[in-house]
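If you read the protein sequences in the order shown, they are chains W and X.
Heads up: the first sequence is residues 2 to 67, going by our numbering.
Heads up: the second sequence is residues 54 to 306, going by our numbering.
Keep in mind that the hints are not guaranteed to be accurate.
[As the list claims (entries may be wrong)] Stretches of chain X that chain W covers, calculated by requiring three or more beta carbons in the stretch to come under 8 Å of a beta carbon on chain W:
#	region
1	120-134
2	147-160
3	200-210
[To be verified] Derived lysine to any residue pairs resembling SDA-like cross-links, with alpha carbons at most 25 Å apart:
#	chain 1	residue 1	chain 2	residue 2
4	X	Lys-124	W	Pro-51
5	X	Lys-145	X	Glu-166
6	X	Lys-124	W	Gly-20
7	X	Lys-124	W	Val-46
Calculated from the structure, these hints are not laboratory results.
Everything numeric in this text was worked out from a predicted model, so none of it was measured.
Cβ coordinates follow ideal geometry from the N, Cα and C atoms, glycine included.
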Amino acid sequence: MLYTVMPLDVIFQEEEEGGYRELELGGVQLQVEETSPGWGTIARVISTDPRAFLDPRFQPGVRVQI
Amino acid sequence: MSSQNKGDFPPLFKEPLHAEQPQVEEPQKPLDTITQLGQMPMPPQEPDLNFHCMTIVGQIEGHIILPPKNKTTKYEHLIPQLVAIAQSKTIKGLLVVLNTVGGDIEAGLAIAEMIKSLPKPSVSLVLGGGHSIGVPIACSTNYSYIAETATMTIHPIRLTGMVISVPQTYEYLEKMQERVTKFVVGNSGIAEERFRELMFRTGELVRDVGTVLIGKEAVAEGIIDQVGGVGQALNKLQELIQQQEAEGSEVLQ
Chain W
2 MLYTVMPLDV IFQEEEEGGY RELELGGVQL QVEETSPGWG TIARVISTDP RAFLDPRFQP
62 GVRVQI
Chain X
54 MSSQNKGDFP PLFKEPLHAE QPQVEEPQKP LDTITQLGQM PMPPQEPDLN FHCMTIVGQI
114 EGHIILPPKN KTTKYEHLIP QLVAIAQSKT IKGLLVVLNT VGGDIEAGLA IAEMIKSLPK
174 PSVSLVLGGG HSIGVPIACS TNYSYIAETA TMTIHPIRLT GMVISVPQTY EYLEKMQERV
234 TKFVVGNSGI AEERFRELMF RTGELVRDVG TVLIGKEAVA EGIIDQVGGV GQALNKLQEL
294 IQQQEAEGSE VLQ
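Construct the entire structure; sequences and hints are all you get.
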């Protein structure tokens, strides 16, 4: 059950799937957008450690092998 | 000596050429090792960092996976992170940064209960928005801040789609509402009657009943402790950490 200010038809509108994958690199969980087979770019860092966000290896847009 | 100065032109071939070479190669970023070799160099360590930061953004995603276009914060990420923070010996406190439009009630309440029962000091900061189920999460920390421009929408839980119009439906909604109200009232300075009054107010929201509180209004209503930003929130967190450490050492003696 949702309790939100967003209209439900906006939340559940039809759309094509985005190719996101979650994986762990160097102990940090990342959301990676698949760009080509075997490769992706970092879309989001899922961590509570502020240091992970300063780490040049995990900057958004960095290419990683998946 | 003078050949060491940057302004001077070094004499040709006085030193072997390759002696200077590694310095030129240096600007190669450490990133390249990931893409080229698949290796991970060690990051620079900052050992004095004693807190972690949890950012709760977009929709709070719970039992139902939302379509990928929604920005979501997932409870299956946050709950294990909170357990890890509770267990860690080096993490002494938690900063919770909120910019959320709300989301799943049970996920939101689960996160709020986890933060509330965390055996370490926590401080929340509402930036942009902390609406709907974001309100109990903002209240769940030991101390809460809201940015001057940030807003919090307080409105009733509602159903859309097929509604079975029997009295039990209303009772069920009322019970869900009760859980949120009880948590906010129990963990902030607002009275239950006042919270319900804000929730059912008409004329403020275009398509709904409820109230939008901006920055200091949320503080005046007692939902949030203080208007502030990241600097104040971090100072408060360090203050609470020191307080807890002082209490801890007293207990040991």
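Checked hints:
A count of 6 residues in the region 120-134 of chain X with a Cβ less than 8 Å from any Cβ of chain W is obtained; the coverage claim is therefore met, three being the minimum. Residues of the region 147-160 of chain X lying with their CB closer than 8 Å to a CB of chain W number 7, which satisfies the three-residue condition for coverage. Under a criterion of three residues with beta carbons nearer than 8 Å to beta carbons of chain W, the stated coverage of the region 200-210 of chain X is upheld, 3 such residues being counted. Distance hint between Lys-124/X and Pro-51/W is fulfilled; the C-alpha atoms sit about 20 Å from each other, no more than 25 Å.
The straight-line distance between the Cα atoms of Lys-145/X and Glu-166/X is roughly 19 Å, inside the 25 Å bound, and the hint therefore holds. Distance hint between Lys-124/X and Gly-20/W is fulfilled; the C-alpha atoms sit about 14 Å from each other, no more than 25 Å. Among the hinted pairs, Lys-124/X with Val-46/W is consistent with the structure: their alpha-carbon atoms are about 13 Å apart, no more than 25 Å.
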